[in-house]
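Engineer: So the sequence shown is numbered by the working numbering: it starts at 125 and just counts up by one.
Keep in mind the hints are simulated off the structure, nothing from the lab.
Treat the numbers as computed from the prediction; the structure is a model and nothing was measured.
Hints may be right or wrong, so weigh each one.
[Claimed, not checked] Derived lysine to aspartate or glutamate pairs resembling EDC-like cross-links, with alpha carbons at most 20 Å apart:
#1 LYS394 - GLU346
#2 LYS194 - GLU140
#3 LYS178 - ASP167
#4 LYS194 - ASP147
#5 LYS239 - ASP261
#6 LYS394 - ASP338
#7 LYS197 - ASP257
#8 LYS378 - ASP338
#9 LYS309 - GLU357
#10 LYS194 - ASP167
#11 LYS178 - ASP147
[Said to hold, decoys possible] Estimated spans, in silico, between C-beta atoms of each pair:
#12 ASP167 - ALA253: 30 to 36 Å
#13 LYS178 - PRO397: 33 to 39 Å
#14 ALA253 - LYS394: 38 to 44 Å
#15 SER388 - THR337: 35 to 41 Å
For glycine and all other residues, C-beta sits at the position ideal for the given N, C-alpha and C.
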Amino acid sequence: MASTDQSARIGFDPVEFPHRYTDPRDVEVSGLLAAALAYGRADLFRPKVDALLKQMGPSPAAFVRALDVKGAKALLTGFVYRFNVGTDLAVLLLGMGRALREHGGLEALFVRGFKAAGTLHGALAAFTAALRDIPMDALRKAMGPERGLHHLLPSPLGPGAAKRLNLYLRWMVRGPDAVDFGIWKQVPASALLVPLDTHIGRMALHLGLTQRTDLTWRTAEEVTASLRALDPEDPVRYDFALCHYGMSGACPAKTLPQHCERCSLLPSCKVGPRVIARGSLQF
């Protein structure tokens, strides 16, 4: 996947938002906000993230560190994005602010759970639970009930792939390079799990990285195990290129001979040769 133009593809990826900042605390705060809302169509969630960050000023970390219920109401009244309303986002922002005040950063909060749980799944479960541990009565009184909080910050974590949380970890832990930041130094890149979505799931099936078709934590583990055979220390280094190869249309959901014939991954693909052979039989 060396041909992937990472700098060009960043503009199509939610990682563009933390790339606006240089301070590590601003990177991790803006990154978690962007990753949490990165579901659905990019042309719909990107304006939402962009508008929030602009209202938060030059330092998202300083903004959430000083945020209270009154400030959250002023920022988020009327906010709606698909499953989420302002109260859901307020929990996330207030939880990040508390983490910064009490732990100095989001990495320290995550590492506490990582050391206690000993597993990535347990660490993420502890992380989301801690972020959600804010006084809810006052928030509900000021802003109304939450609606899609579990979708935004799943707790308990459950059997799903937790794609957006694992995406956030990839940004923070691996690197630094043109895409990922590598600002979290206490978590090894070897412990990360691929952020499994429909694009990665399809590419993984085509390349024989898994035989599973469900988008679950177990499937993400299987795909990551296959990638770990290629790079034990940094298995998710391939995620950005594979995901954007699918997103770009180079490997579309509906496989066609003309796509497969010019695909650079054809020698490793389990599907492409069959598609080409099937197409040649039609003439």
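Engineer: Quick one: are SER388 and THR337 within 35 to 41 Å, going by C-beta?
Structural biologist: violated (24 Å)
Engineer: If you check the beta carbons of ASP167 and ALA253, does the distance land in 30 to 36 Å?
Structural biologist: Holds: the Cβ-Cβ distance is about 32 Å, inside 30 to 36 Å.
Engineer: What's the verdict on LYS194 and ASP167, does the C-alpha distance respect the 20 Å limit or exceed it?
Structural biologist: Violated, at about 30 Å.
Engineer: Is the Cα-Cα distance between LYS239 and ASP261 20 Å or less?
Structural biologist: Answer violated: LYS239 to ASP261 is near 31 Å, above 20 Å.
Engineer: Between the alpha carbons of LYS194 and GLU140, is the straight-line distance 20 Å or under?
Structural biologist: violated (29 Å)
Engineer: Would the pair LYS309 and GLU357 pass a check requiring their Cα atoms to be no farther apart than 20 Å?
Structural biologist: holds (14 Å)
Engineer: Could one say that the CB atoms of ALA253 and LYS394 fall in the range 38 to 44 Å?
Structural biologist: Once the Cβ atoms are compared, 39 Å apart, the range 38 to 44 Å for LYS394 and ALA253 holds.
Engineer: Would the pair LYS394 and GLU346 pass a check requiring their Cα atoms to be no farther apart than 20 Å?
Structural biologist: holds (17 Å)
Engineer: Keeping to a limit of 20 Å between CA atoms, is the pair of LYS394 and ASP338 held or broken?
Structural biologist: holds (18 Å)
Engineer: At the C-beta level, are LYS178 and PRO397 separated by a distance inside 33 to 39 Å?
Structural biologist: With a Cβ separation near 49 Å, LYS178 and PRO397 fall outside 33 to 39 Å, so the hint is violated.
Engineer: Is LYS178 close enough to ASP167, meaning Cα to Cα at most 20 Å?
Structural biologist: The given pair, whose Cα atoms are some 17 Å apart, holds under the 20 Å limit.
Engineer: Mind checking the alpha carbons of LYS378 and ASP338 for me, to see if they're no more than 20 Å apart?
Structural biologist: Satisfied, since the Cα-Cα distance of roughly 18 Å is no more than 20 Å.
Comparing the model with each numbered hint stated earlier shows that hints 2, 4, 5, 10, 13, 15 do not hold.
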